[in-house]
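Visitor: Letter by letter, the chains look like this.
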Amino acid sequence: MPQLSRKITIKYEQCTGCRICEIVCSLSRSNHVSHSDSRVNVYSFAPGLDIPILCVHCDQAPCIDSCPVDAIRKNEQGLVEIVDEECTGCANCIQACPAGAIKMHPESGTAFKCDLCGGSPKCVDYCPNNAIDYRDVPFDTRVYAKKAENIAKSLRKGLFGLEG
Amino acid sequence: MGGYTRKILRIDLSADKIFKIDTDSFPIRDYVGGKGLGAYILYDEMEANVDPLSPKNMLMFLTGPLNGICPSTKMCVVGKSPLTGTFDDSYMGGHIASELKYAGYDGIIVEGRKNEPAYIRVSDEEVEIRDAKDLWGLDTFETEKKLTSGDQGAHVACIGPAGEKMVRFAHINTELYRQAGRGGLGAVMGSKNLKAVVIKGSRPIKVEKPKEYTEVFKEMVKRLLESDAIYHRRRWGTPRVMLVASDQDLLPTRNFQEATFSEAENLGAEAMEKTFWVKHKACSTCPINCGKIGVLRRGAYVGTVLEGVEFESAGLLGSNCGIGNLEALVRANDLCDRLGLDTISAGNIVGFVMECYERGILSEKDLDGIRANFGNEEALFKLIEKIANREEIGDLLAEGVKRVSEKIGKGSKDFAIHVKGLEIAAWGIRASPGMALAYATADRGGCHKRAWPIGAEFAGKGLRGEPIERYSGEGKAAIVKHQQDFTAATDCLVACDFARGGIGISGYTKMLNLATGWNLSEEELMRIGERTWNLIRLFNLREGFTREDDTIPVRMREEPLPSGIAKGRLVSNEMLNKMLDEYYQLRGWNEKGVPTKRKLRELGLH
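Protein sequence lines correspond, in order, to chains A and B. FYI, our numbering numbers position 48 of the first sequence as 48, with every residue one higher than the one before it. FYI, our numbering numbers position 332 of the second sequence as 332, with every residue one higher than the one before it.
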């Protein structure tokens, strides 16, 4: 299975929740500002935790196996791609993604997610604190493919010493 | 026309009715949004001398065309202030303003009063007035937790017990730690039986020229990140200025008796960075992340999590009450946030009570057993709780320092530190004549955010770069007028003051034009600010304010600073009057502070 040479990494404690990533993503991809059709989303949890979620293009991507029509494929660079024309909107991949990084597009009714802007992700360029980064890393970045609420739970304990 | 969603919600709580009206039905080309739009509606629709806590007062949550799409914007809340009786516009950060636009609305206008506790929930097309009996009595943290539980992405503005009990300086709270604090609009919410507004949106905000807009947006983010001043804000937030204020004799200390505090270091950014802060926090679309979230790791209040402590809160709840212990400061701030009190007014009033106690004007008996000497942390906490719940002495203190000093008399009016009833913020006056004029002429009373000429005074440069003297009144009127107009213009866009310097009027004009498709010049945008400022002046004059109200507290005019680098300084009546005459003249107002017909014609306000 091909693997990406550079991968998305996330430093959750550095995310300030500004959502500039959502703005530049939707502006550059949809020509308007919207969190609904942004390919990266920031989820907030008390007290002041912000968790960016986007597709990290897992080496072994469960979304690929979940698609009944094989509309999700890994290309030769290792990029996990959803072929929009072939997507039936069944939402299996949305269920299968361990991070919740795949969404249903509000207008087209097909699944969509981050495609790394073709190799130069805008969210990385404009993140003021480098919370989202795109680097040559030697391991499977599925460590970042976790649900936002679970990440928030561990940060609540780790950063603030709060349980629950 | 992009930028706007072009719909405003109009909710009549008395009649239980919800209307969706066109934003274009208001003169938005003349007032844009936020402060300007609020001023237009309040002046146009509300009769004079309405009791601010009656159903006739209006409460508006207003955005501007750049909310959600431009770096660093806020939510503008407008109504008539129950604390001052003036026009009041108060701003809160967080994401609620962007969310309102994602839901498809440029603003919410609330009128009337619901008989039973209620909250408003907006979710795109769906807008409801819901029952809030279960929420009444809860603090702001509990309220927000309940209203967002299982509803990821919903944003809440709510009041605490202080708002419910109509404490005249109750705030409106959002995202736990951000408030529309000043002027008591939380009490207006309480008077309407409105506990909260919950907003969730999923729609796009359109811009007229997306390609060019995207480029300018990126340029503005980069420009902010490259600035040294912004680096300071990004790293240390507002408390960075704590030591500057103390060193420069500008820090309220023991009810403004002094302006330098020996324990200021304990309350500054360096102390917080070392012992308290955990992470940075930003509002919607803001690369500055001035917010700092911390947790107390030891002591009596261990585990308390707070975003802050902002400089203004530290100045008033800390040094102004003679308190130099960071843990106690965090605790006091936490109480104010939860219970729903403006930290500035609360710290100002507690400082006043402490001075009254030390002078024997208020006894332990008057204060229900509280020994309110300066530096007494327990007294600070107890007074905050009593005020928020309007218990015993708290019921009187909840009226604000002006009314309290009028009630108790005995010379206390001379050291009640307010302008037009709004308790002054954490920038002393006697070492800054410019700031004295700024407070005297601010539209909502003793507010530090309409103009902040202290920076120009430090730099020694006037409006046109000419040399000015820090402690002289010369050249200050022009700076104050210019800054007020600029602030008013950017408040119509509901832009945050911390990004204003970096983006500037040119940046805002560019973004506004690309978003809306307008072709506004920088001068026209400044003129919108000036028009708004003048309209608010007309509002306040109609409410009965006069030149006599454009003043500063007696202490600032008659008691020289007792210590610090500006020892012996004050802003005399003579100095103030001279600056005021010059200011009125520059504004095109007559000597009584009334805009001339000519000025009004020029601004299209006749």
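These aren't lab readings, by the way, just hints derived from the structure by calculation. Warning: the hint list may mix true and false statements.
Have a look at the derived ranges for each label pair, beta carbon to beta carbon [stated by the list, open to error]:
(1) A:GLY109 / B:ASP24: 29 to 35 Å
(2) B:PHE458 / A:ASP133: 36 to 42 Å
(3) B:GLN152 / A:ASP133: 49 to 55 Å
(4) A:SER154 / B:LYS410: 33 to 39 Å
(5) B:SER54 / A:VAL143: 32 to 38 Å
(6) A:ASP133 / B:HIS232: 48 to 54 Å
(7) B:SER521 / A:PRO68: 56 to 62 Å
(8) A:ALA91 / B:ARG29: 42 to 48 Å
(9) A:PRO68 / B:GLN152: 26 to 32 Å
(10) B:PRO27 / A:GLY158: 38 to 44 Å
(11) B:THR275 / A:SER5: 16 to 22 Å
Which residues of chain B face chain A? A few of them, derived with a C-beta cut under 7 Å, are [as the list claims (entries may be wrong)]:
(12) VAL50
(13) LEU53
(14) SER54
(15) GLY68
(16) ILE69
(17) PRO204
(18) VAL216
(19) THR285
(20) CYS286
(21) PRO287
(22) ASN289
(23) THR304
Straight-line C-alpha distance at most 27 Å; calculated DSS-like pairs for lysine-lysine [to be verified]:
(24) A:LYS157 / A:LYS11
(25) A:LYS103 / B:LYS145
(26) B:LYS145 / A:LYS157
(27) A:LYS147 / B:LYS211
(28) B:LYS567 / B:LYS461
(29) A:LYS147 / B:LYS145
(30) B:LYS222 / A:LYS153
(31) B:LYS200 / B:LYS146
(32) B:LYS386 / A:LYS11
(33) B:LYS211 / A:LYS103
(34) A:LYS157 / B:LYS597
(35) A:LYS153 / B:LYS146
(36) A:LYS157 / B:LYS407
(37) B:LYS218 / A:LYS11
(38) B:LYS386 / B:LYS410
(39) A:LYS103 / B:LYS200
(40) B:LYS206 / B:LYS218
Ideal Cβ positions, reconstructed from N, Cα and C, are used throughout, including at glycine.
Visitor: Now, for every hint given, state plainly whether the structure supports it.
Guide: Comparing the hints with the structure gives:
no. : hint                            : verdict
1   : A:GLY109 / B:ASP24: 29 to 35 Å  : 32 Å, holds
2   : B:PHE458 / A:ASP133: 36 to 42 Å : 39 Å, holds
3   : B:GLN152 / A:ASP133: 49 to 55 Å : 25 Å, violated
4   : A:SER154 / B:LYS410: 33 to 39 Å : 58 Å, violated
5   : B:SER54 / A:VAL143: 32 to 38 Å  : 58 Å, violated
6   : A:ASP133 / B:HIS232: 48 to 54 Å : 25 Å, violated
7   : B:SER521 / A:PRO68: 56 to 62 Å  : 58 Å, holds
8   : A:ALA91 / B:ARG29: 42 to 48 Å   : 45 Å, holds
9   : A:PRO68 / B:GLN152: 26 to 32 Å  : 28 Å, holds
10  : B:PRO27 / A:GLY158: 38 to 44 Å  : 52 Å, violated
11  : B:THR275 / A:SER5: 16 to 22 Å   : 42 Å, violated
12  : VAL50                           : 37 Å, violated
13  : LEU53                           : 31 Å, violated
14  : SER54                           : 35 Å, violated
15  : GLY68                           : 6 Å, holds
16  : ILE69                           : 5 Å, holds
17  : PRO204                          : 4 Å, holds
18  : VAL216                          : 11 Å, violated
19  : THR285                          : 6 Å, holds
20  : CYS286                          : 5 Å, holds
21  : PRO287                          : 4 Å, holds
22  : ASN289                          : 4 Å, holds
23  : THR304                          : 10 Å, violated
24  : A:LYS157 / A:LYS11              : 16 Å, holds
25  : A:LYS103 / B:LYS145             : 26 Å, holds
26  : B:LYS145 / A:LYS157             : 18 Å, holds
27  : A:LYS147 / B:LYS211             : 33 Å, violated
28  : B:LYS567 / B:LYS461             : 23 Å, holds
29  : A:LYS147 / B:LYS145             : 20 Å, holds
30  : B:LYS222 / A:LYS153             : 33 Å, violated
31  : B:LYS200 / B:LYS146             : 15 Å, holds
32  : B:LYS386 / A:LYS11              : 43 Å, violated
33  : B:LYS211 / A:LYS103             : 25 Å, holds
34  : A:LYS157 / B:LYS597             : 63 Å, violated
35  : A:LYS153 / B:LYS146             : 18 Å, holds
36  : A:LYS157 / B:LYS407             : 49 Å, violated
37  : B:LYS218 / A:LYS11              : 22 Å, holds
38  : B:LYS386 / B:LYS410             : 23 Å, holds
39  : A:LYS103 / B:LYS200             : 18 Å, holds
40  : B:LYS206 / B:LYS218             : 17 Å, holds
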